[in-house]
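**Student:** Those sequence lines, one after another, are chains A and B.
Read in the working numbering, the first sequence has 38 at position 38, and its numbers run on one by one without any break.
Read in the working numbering, the second sequence has 141 at position 141, and its numbers run on one by one without any break.
To be clear, the hints were calculated from the coordinates, so they are not data collected in a lab.
Errors might be hidden in some of the hints.
[As the list claims (entries may be wrong)] Pair ranges (Cβ atoms, derived): (1) A:Leu-244 to B:Asn-110: 32 to 40 Å; (2) B:Asp-114 to A:Arg-110: 45 to 53 Å; (3) A:Ser-253 to B:Asn-110: 55 to 63 Å; (4) A:Asp-237 to B:Asp-114: 51 to 59 Å; (5) B:Ile-34 to A:Asp-13: 52 to 60 Å; (6) B:Gly-60 to A:Asn-231: 24 to 32 Å; (7) A:Gly-83 to B:Gly-60: 57 to 65 Å; (8) A:Arg-235 to B:Val-37: 39 to 47 Å; (9) B:Gly-121 to A:Ala-48: 35 to 43 Å; (10) B:Glu-118 to A:Gly-83: 21 to 29 Å; (11) B:Gly-60 to A:Ala-257: 53 to 61 Å; (12) A:Pro-148 to B:Arg-100: 24 to 32 Å; (13) B:Phe-61 to A:Phe-252: 45 to 53 Å.
The beta-carbon is built from N, C-alpha and C at its ideal position, and this holds for glycine as well.
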Amino acid sequence: MNAGDDSPRSIADLISTVSASRLTTFQQCRLKFYFRYVLGLQRPKTSALHVGGAVHETLKYWNKARWRNESATLKQLHDAYLGAWGEAAASNGEVEEQKTGWRLLETYFRESPIKPDEKPEAVEVSVEADLAKHGLPKLVGIIDLVRPPGIIVDFKTSGQTPVPEKVAHQTDTQTSAYGVLYRECTGKKETSIELHHLVKLKNPKLVVTALEPATDLQKTRLFKIIESYVNGLNRSDFIPSPGLQCASCEFFSECRAWS
Amino acid sequence: MAIVFEAAYSKKLGLPNFSSHSYVVSIRTELTDINQVQEESRKLYKMLQEAVDKEIQAVGFMPDATSYGMKDGHEQQQRNGSAGGDDWQCTDKQKGLILRIVEENNLDKNYVEDLAKELFGHGVKSLNRLSASGLIDELFDRFPRKDKGNGQRGKYQRREQSRR
Numbered sequence: 001m002n003a004g005d006d007s008p009r010s011i012a013d014l015i016s017t018v019s020a021s022r023l024t025t026f027q028q029c030r031l032k033f034y035f036r037y038v039l040g041l042q043r044p045k046t047s048a049l050h051v052g053g054a055v056h057e058t059l060k061y062w063n064k065a066r067w068r069n070e071s072a073t074l075k076q077l078h079d080a081y082l083g084a085w086g087e088a089a090a091s092n093g094e095v096e097e098q099k100t101g102w103r104l105l106e107t108y109f110r111e112s113p114i115k116p117d118e119k120p121e122a123v124e125v126s127v128e129a130d131l132a133k134h135g136l137p138k139l140v141g142i143i144d145l146v147r148p149p150g151i152i153v154d155f156k157t158s159g160q161t162p163v164p165e166k167v168a169h170q171t172d173t174q175t176s177a178y179g180v181l182y183r184e185c186t187g188k189k190e191t192s193i194e195l196h197h198l199v200k201l202k203n204p205k206l207v208v209t210a211l212e213p214a215t216d217l218q219k220t221r222l223f224k225i226i227e228s229y230v231n232g233l234n235r236s237d238f239i240p241s242p243g244l245q246c247a248s249c250e251f252f253s254e255c256r257a258w259s
Numbered sequence: 001m002a003i004v005f006e007a008a009y010s011k012k013l014g015l016p017n018f019s020s021h022s023y024v025v026s027i028r029t030e031l032t033d034i035n036q037v038q039e040e041s042r043k044l045y046k047m048l049q050e051a052v053d054k055e056i057q058a059v060g061f062m063p064d065a066t067s068y069g070m071k072d073g074h075e076q077q078q079r080n081g082s083a084g085g086d087d088w089q090c091t092d093k094q095k096g097l098i099l100r101i102v103e104e105n106n107l108d109k110n111y112v113e114d115l116a117k118e119l120f121g122h123g124v125k126s127l128n129r130l131s132a133s134g135l136i137d138e139l140f141d142r143f144p145r146k147d148k149g150n151g152q153r154g155k156y157q158r159r160e161q162s163r164r
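Bound conformation, chain A alone (with noise of 0.2 Å):
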């Protein structure tokens, strides 16, 4: 079982688009990100990784639904999370964790803020923005889910209680590049930008935090940070980063043999 499909890429691929989850990782650790990208390293997904992926899933499901003008029952979400479950690791079945997701979602959809008959204006949808006009590549990206009007949302599931402000200094990068999409793609700007954390405590919890609308100086570290990610590239520039988020890095033996 692999983590997913990547596969080794050559640098020109990997600057002819940027996404935030590219540019996260490059500010994590770019040698990581030579591990992962350039290299197309594969590992077992970690049970977190596992949870969060049939999370995910379900909830597109629940969101399509909506969209479609359709209801999903509770019956037709737990069919939709066991068949992503399923999918995602046929091989990983522990059955604690698979019962932690779904009590991730029961708490979810029981708090939601969304309303069962809230339309939604798009769901997991591919975007891209030309940033050539700045010298940069194009901008591209998956929205999780946009409300009206113009709200954008990321879910995201984590085993802590997410502190407000760190967390909007945490996600700057990827909350930018989704307003920068979502501008660009509707020719308006974006209400706000929620994240809608599903917090695996023994009680699982839902918090929702509500970000303002990316600023001019989010969007300038954004293109100063896409501009350093080019560079690095082009310069071949994977140094390790070592500190305390190498405890959980899947390829901690590879960075400690490099030289």
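Add chain B to chain A, keeping to what the hints say.
**Tutor:** Structure of chain B alone, referenced to chain A:
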């Protein structure tokens, strides 16, 4: 014989939001003695630099980074999407993809038009790029390509979906 002496001074300064502006002043004069070059160069450099520095402080027009280029770009996309006088608001690429799905599946164009109206309240040609992307996803869900399974969208989508 007169000696023609030319001097130019230019300065380029960065501005917020990836902007910059520059200004150059040049001068041509005649010298009677080549020994005057060094002294004349010193004087002209100082004079031209002062002139440039004085003028370049006026920043002039500065675009609003939240909207500059976006409206134009959006309208440009609309123009790019035009074909035979019919105005598509999505990109040429999206338009081509929608038409290809229609053709490959022998779909009635009215079917796609009705689907767009049902999902977005607008006809296909009126869909912006966000909605057009959603329509393409829906069409691929309903009419998956036999040769490529469900992997019909751009390769970045498949990669990024596995790396949230």
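**Student:** Next step is simple, just say for each hint if it's right about the structure.
**Tutor:** Here is what the structure says about each hint:
As the Cβ distance of Leu-244 (chain A) to Asn-110 (chain B) is approximately 58 Å, the hint placing it in 32 to 40 Å is violated. A hinted range of 45 to 53 Å for the beta carbons of Asp-114 (chain B) and Arg-110 (chain A) is inconsistent with their spacing of about 35 Å. Range check, Ser-253 (chain A) to Asn-110 (chain B): Cβ separation about 58 Å, and the 55 to 63 Å hint holds. Evaluation of the 51 to 59 Å hint for Asp-237 (chain A) and Asp-114 (chain B) yields a pass: the beta carbon distance comes to about 52 Å.
With their beta carbons about 58 Å apart, Ile-34 (chain B) and Asp-13 (chain A) fall inside the hinted range of 52 to 60 Å. At roughly 29 Å, the beta-carbon separation of Gly-60 (chain B) and Asn-231 (chain A) lies within the given 24 to 32 Å, and the hint holds. With their beta carbons about 59 Å apart, Gly-83 (chain A) and Gly-60 (chain B) fall inside the hinted range of 57 to 65 Å. Checked against the given bound of 39 to 47 Å, the beta carbons of Arg-235 (chain A) and Val-37 (chain B), roughly 43 Å apart, stay inside it.
Gly-121 (chain B) and Ala-48 (chain A) have their C-beta atoms about 39 Å apart, which keeps the hinted 35 to 43 Å range intact. Evaluation of the 21 to 29 Å hint for Glu-118 (chain B) and Gly-83 (chain A) yields a pass: the beta carbon distance comes to about 26 Å. For Gly-60 (chain B) and Ala-257 (chain A), the Cβ-Cβ distance of about 55 Å falls inside the hinted range of 53 to 61 Å, so the restraint holds. A hinted range of 24 to 32 Å holds for the C-beta pair Pro-148 (chain A) and Arg-100 (chain B), which are about 30 Å apart.
Separated by about 52 Å at the C-beta atoms, Phe-61 (chain B) and Phe-252 (chain A) satisfy the suggested range of 45 to 53 Å.
The structure is inconsistent with the numbered hints 1, 2, although it conforms to all the rest.
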